[in-house]
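Q: Here are the chains, one letter per residue:
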Amino acid sequence: MRTYQSWGRYPRASHTGVLPIVWRTEPPPLDRLDRSILPFGLGRSYGDSCLNDGGLLLDTKALDRLIAFDAGNGLLRCEAGVTLAAILALTVPKGWFLPVVPGTRWVSVGGAIANDIHGKNHHRAGTFGAHVVRLELLRSSGDRLVCSPEENAELFHATVGGLGLTGLILWAEIRLNRIPGAGIALERIRFGSLDEFFTLTESDQQYEYTVAWVDCLARGRRLGRGIFMRGDHAGWPGAPPSPLVEARLRVPCDAPAGLINRATMRAFNELYYRRQVRGRTRSLVPYTPFFFPLDTVADWSRLYGAAGFLQYQCVVPEQPGSAGMREIFERMTRSGEAPSLAVLKRFGDVPSPGLLSFPRPGLTLAVDFAFRGQRTLALLEDLDRVVRDAGGAVYPAKDARMSPESFRRFFPQWERFAVHVDPKFSSSFWRRVQRS
Amino acid sequence: MSSAPDRSGRRVLVIGATSAIATETARVFAAYGARLFLTGRHPDRLEAVAADLRVRGAMQVETARLDVTDIGGHAGVIDAAAAGMGGLDVVLIAHGTLPDQRRCEESVAESLAAMQVNFTATVALLTLVANRFESARHGCIAVIGSVAGDRGRQSNYVYGAAKGGLERFLEGLRNRLFRSGVDVITIKPGFVDTPMTAQVPKNALFASPRRVGRAIYRAIESRRSVVYIPWFWRPIMCLVTALPESIFRRLRL
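Line by line, the protein sequences are chains A and B. The opening position of the first sequence corresponds to residue 1 in the working numbering, with each subsequent residue numbered one higher. The opening position of the second sequence corresponds to residue 437 in the working numbering, with each subsequent residue numbered one higher.
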């Protein structure tokens, strides 16, 4: 049996069985199972939302068939286990692109919906779920329900961002966007402080995609220095890159503990920042490295060693002087932990369709921490407090430790959501945040 | 791709088309615009695979229900495929079961059923396809065997015997059809990470169905005779078959 774990490899879970789901037309009798179940796609969630310790997993990897694609209007229907890579391989040569993509193309459509993922174009496009026309949900009762904003609407809003807890998504229909080609007209701008970032992000409305990499170890005057990237779809001379080709580089095994520490991280960040020699560069790049920097090295999470790592992603509403986000940066740099390069972005105000969707207007920050036991957990709890006070939220897809109290504050619609959780479905995450 | 020969419109019959390996191979054909005729036991599954291949670019996809152990049904399905696509260029025989060795040891019926699916039915199909291609002096027959056919082992020798017998049959057939310009390809995958092996512990020897499917397509393109997939199984099986029986019989394999 494959070992099923999450991307951050913390916490470890042991599952008592795996049921591969192979045919959408032959749903297994889920009501006869004696343990709780949870769908599992490609395991790119970082924490425990894709784990079901002591229970069963429904592996959707084989549910990877396309059903229909209309190259006239960009409507794609496919099974839930289809990867975003497979979709792009088909549609980019025909001039269509996914409405929203995350930092890796190795996620399934079911996972993209269940986590209501976002991308570098959130300020324009909103979340992935906003482009889902309809989906079919298998409940443990055996019911197969087509859900959309019009039909079974309440269940649709629970399933989008619903962390796989409302049932098994069998297939979905997604609306794609027209693109001129497989290129990205990219502009990279070095900025020296958080203030400069805030100025740059004013330009968001003129670009489809914007994101920044920030050095979390720079202090004082340099606090929040980084590289701002913005781009638009563009033509690409020659054949489009194949998104199905996996990275040449692969981390073959767990790195020794402590490889990633403050010193190595500081050196890496310095190099990354200095690599951008000129203040501003423009280039035409293929879309794959622009969108999927995380796919450059396969299994990179092993660099964090056997103990794994935690990713912290939060969103903080806009405040005068961005006090909340500054506070988070201050606490990270002072902490003694070794935060990785961070991703910083301004979310837009396109409403997220899911009751448990994470994106909302404000600034979002994503940063990795090697797991070093209680100290790491204490720092993140400390950051949670800042996020709570600012009225923000932490992303369940990246989380392995938020408290039940935080969860309820971050997701005030959780009770409305809980009504739709399938009685047979559960996850390590769900049990953790439901503890009283 | 512009310099490659035009592969669109090639007429491909796939027996046992709903297996993960067959589906992945068919996807490569579909991407090149082939015509495909798929057979399998479950109409719903066939339709799911057919829709996938249409979206991926196949020029035409048709399906027919066929249980390969219904030997009398073979000729009708092959005729239907040829009629539906206007002839045949490639036949991929991919059906098969992985029998439970223990149950085979305890039951004559179980052993014979495993031989029926994995050997007898295949021989019947190959006889019809070979005659058709021989008289047309055109065609390619690709059959999925297994590394398990290279040597009998206590853990799965019934399956191994079926695949081993098939290999001898294909050798002879290849020899016979050489003069007619018809290719016969024996494909020997090792461990493949498919739903069939979901409960088996995975190790570095397991290959993805996609990798295997693409390798099968390349083997058909290059008209190879015997192909191990992935390639490293050839030296492994070379060592396994070289072991003298006096030693081999003592091993727990």
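These are computed hints drawn from the structure, not numbers from a lab. Using N, Cα and C, we set each Cβ at its ideal position, and we do this for glycine too. Each hint should be verified, as a subset may be incorrect.
[Unchecked claim] Incomplete in silico selection of chain B near chain A, CB under 10 angstroms:
no., residue
1, Ala456
2, Ala467
3, Ala484
4, Arg492
5, Glu570
6, Arg573
7, Gln635
8, Leu641
9, Ala643
10, Arg646
[Unchecked claim] A short list of chain A residues far from chain B (calculated; beta carbon distances all over 12 angstroms):
no., residue
11, Glu26
12, Lys61
13, Ala68
14, Ala71
15, Ala86
16, Lys94
17, Ala247
18, Arg248
19, Leu249
20, Arg266
21, Tyr272
22, Arg274
23, Thr281
24, Phe290
25, Asp349
26, Gln434
[Claimed, not checked] With a straight-line Cα cutoff of 20 angstroms, these simulated EDC-like cross-link-like pairs (lysine to aspartate or glutamate) come out:
no., chain 1, residue 1, chain 2, residue 2
27, B, Lys638, B, Asp506
28, A, Lys424, A, Asp53
29, A, Lys424, A, Asp31
30, A, Lys424, A, Asp34
31, B, Lys638, A, Asp299
32, B, Lys638, A, Asp31
Q: Could you run down the list of hints and mark each one as holding or not?
A: Right, here's what the structure says about each hint:
no., hint, result
1, Ala456, "holds, 7 angstroms"
2, Ala467, "holds, 9 angstroms"
3, Ala484, "holds, 6 angstroms"
4, Arg492, "holds, 7 angstroms"
5, Glu570, "violated, 36 angstroms"
6, Arg573, "violated, 36 angstroms"
7, Gln635, "holds, 6 angstroms"
8, Leu641, "violated, 14 angstroms"
9, Ala643, "violated, 13 angstroms"
10, Arg646, "holds, 8 angstroms"
11, Glu26, "violated, 7 angstroms"
12, Lys61, "violated, 9 angstroms"
13, Ala68, "violated, 6 angstroms"
14, Ala71, "violated, 10 angstroms"
15, Ala86, "violated, 9 angstroms"
16, Lys94, "violated, 10 angstroms"
17, Ala247, "holds, 15 angstroms"
18, Arg248, "holds, 15 angstroms"
19, Leu249, "holds, 17 angstroms"
20, Arg266, "holds, 35 angstroms"
21, Tyr272, "holds, 33 angstroms"
22, Arg274, "holds, 38 angstroms"
23, Thr281, "holds, 32 angstroms"
24, Phe290, "holds, 24 angstroms"
25, Asp349, "holds, 35 angstroms"
26, Gln434, "holds, 30 angstroms"
27, Lys638(B) - Asp506(B), "violated, 35 angstroms"
28, Lys424(A) - Asp53(A), "holds, 14 angstroms"
29, Lys424(A) - Asp31(A), "holds, 7 angstroms"
30, Lys424(A) - Asp34(A), "holds, 9 angstroms"
31, Lys638(B) - Asp299(A), "holds, 17 angstroms"
32, Lys638(B) - Asp31(A), "violated, 29 angstroms"
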